[in-house]
Amino acid sequence: MSILSFSEATLQAMIEEMERDPTVFVMGEDIARQGGIFGQFKGLPDRFPGRVLDTPISETAILGSALGAALTGLRPVADMHFADFISVAYDELVNQIAKNRYMFGGQANIPLVVRAPDGIVPGAAAQHSQSVEGWLMNIPGLIMVSPSSPATAKGLLKSAIRSNNPVIYFEHKVLYPQKGEVPDKEFLTPIGKAEVRRAGKDVTIVAYSIMVQKALEAAQNLSKEGIEVEIIDLLTIKPFDLETIVTSTRKTHRCVIAHEGVVHGGAGAEIASQVQQEAFYYLDAPILRVGTKNVPIPFSPPLLDFVAPKVANIEQAVKQVLYREGR
Amino acid sequence: MGVRIKEFPNVFLELPSKGKKDLLRTMIRIRSFETRVEELFLAKRIPGFVHLYIGEEGIATGIMANLRKTDWITSTHRGHGHAIAKGAQMNRMMAELYGKRSGYCKGKGGSMHIADFSVGMLGANGVVGGGFSIAVGAGMTAWMKKTDQVAVCFFGDGASNRGTFHEALNMAAIWKLPVLFVNENNQYASTTPVSYGVSASRISDRAVGYGIDGYTIDGNNVVEVYNVAHTLIDRLRAGKGPILLECRTYRVKGHYVGDPEKYRTKEEVKKQIEENDPIQRYTSYLIEQSFLKPEEIDALWKEAKEEVEAAVRYAEEEPYPAPEEALEDLFGPEQEVWV
Ligand SMILES: Cc1ncc(C[n+]2csc(CCOP(=O)(O)OP(=O)(O)O)c2C)c(N)n1
Ligand SMILES: [Mg+2]
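Chains as they are written, first to last, in the working numbering: chain Y, 362 to 688; chain D, 59 to 397.
A couple of the hints might just be wrong.
[Stated by the list, open to error] If you want the footprint, here are the derived chain Y segments under chain D, 3+ residues with CB under 8 angstroms:
#1 459-469
#2 548-554
#3 652-661
The hints are simulated quantities; they were obtained by calculation from the structure and are not laboratory data.
Virtual Cβ for every residue (Gly too), placed ideally from N, Cα, C.
Kindly produce the complete structure, drawing on both the sequences and the hints.
Structure (structure tokens):
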């Protein structure tokens, strides 16, 4: 085991995959000269000259050319700088990347990774803080993953690069400097498989990205009050691992879903719908969702604190499904 | 009929007579296919809607005669001509237009998504301007793999107003990618005349903004298209960077089959058909110069008609996909990374 930050873990993943396969390359804004705004590409251009490309500020052309490169034999990794800017290249993502394989009858594969730094950074406000997986939940043809630890950051990125399909890799900006254990020998984190982070009998919490950590914190507090939650780290947001969630929910009879994206129409809505369908007779309470309130992310600290999902919100939701406390 | 711009030698004259004949053959094949598609659409054999390339055949033909099978093109919603000229088979194209399983896209694409990756035809596109950055990406593949392949991006006058035009040309220019941006200026974007919708008097003038070369040529003169493309594609293969080529043409049919065409006069269209038809112009030239005999030309029309009829029979007889096949082809096969 080594202790690595998220940035270092993703950098290792890039190095290993670029060494393994000469068709892998990465493009984005300020990744070569600057090393990425979070240092996640530091040193990569020297190691792989000509394969780490600084692009102009042209998100449409970044995603569109990544698609063209993927269709003609390369394995591009396209960095979006901030997940928020996916909207600038939305057509390329949802009408081209997601659909090209299908609408051409499977004539070509699209091995392409979009790296999308997301999540709330205090003070970054409305256009640099979003979790945008909800924008893409409704688009067939896209895979979405999001790590919760340096180890899964590395393993998921390696899997995303090796996948023969378009994968959006959401990496939470606050987590980049955070450190954790990463196995020394080579490993992949499988796509489509959730991991149980904490076993518990009372309530199932489904979370991903930074909310896994918040759920773990909530679990400690709740444990002091005699409540044992089971935490499922989704890792793959789409297609999510329904089986693991349902198995756990049938055991605990209660389910809370936590993500940082806006609750309304977010990934949690789809998860809740599918879980109730598969576990209806096992449920002792409605499935609750924890996430950002239905407004853009505000700037001022007290405003942000009010709308962003916190550890306390998770605890409150858990107690609510246990009928311990009213809302 | 040669070339009016001095920097482009008349390499057409060096073509063996088979080469000269092949240009006509391709144009006639496209025209015959499109004419039949129009009939079949009106007879309700083909669902959806179709955009015809009639009157614009000189462009795809002249450009593609200079490409190799390993080169790539991106196409538009008006893509049948591009597909045929790049080497796609009519029977599988027709089957796709019918929505049959043996169509190029297994019935999932139809006219607007016709594609044949085996000959480098990376797809027609339902999003106007969708091909710009895809062509740039194909150019990146040639650049990074250090091959001399080129990518050609076909796009309309209307598409030249999309923002992605700007991003793609700039990106191709900074990396000197081997991409030829071929503008098919057919005077209209649906109902909008180019004189209204495009601020520049020549779309090729927009090249200046990217520090690349831009040319405007007569797209209905297949000899001129052939000659200019010959020189320009050589330049791309030599790594000189992208080029913008505007080919002036005219859409003699409606924007789509069934278009009421209220935005122009019948006289305007009639004049174009009579005086500016690329096949007529080339045919007259070939006969005038005694490059081809009238009976050879008649044989080309006959041959094309037979090929189209065979394609129609094929499309009629082939089965539809099973309904559940709608759920296939979304994702490619995975080995190690999926559960
Ligand atoms: C992004 C986008 N906007 C609008 C349309 C609807 N549309 C389809 S074809 C067309 C006109 C395109 O004109 P042009 O690029 O000149 O090509 P042409 O049809 O003349 O070949 C329009 C507006 C579309 N398909 N995609
Ligand atoms: Mg037009």
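Here is how each hint holds up against the structure:
no.: 1; hint: 459-469; verdict: holds (count 9)
no.: 2; hint: 548-554; verdict: holds (count 5)
no.: 3; hint: 652-661; verdict: violated (count 0)
In summary, the one numbered hint that this structure violates is 3.
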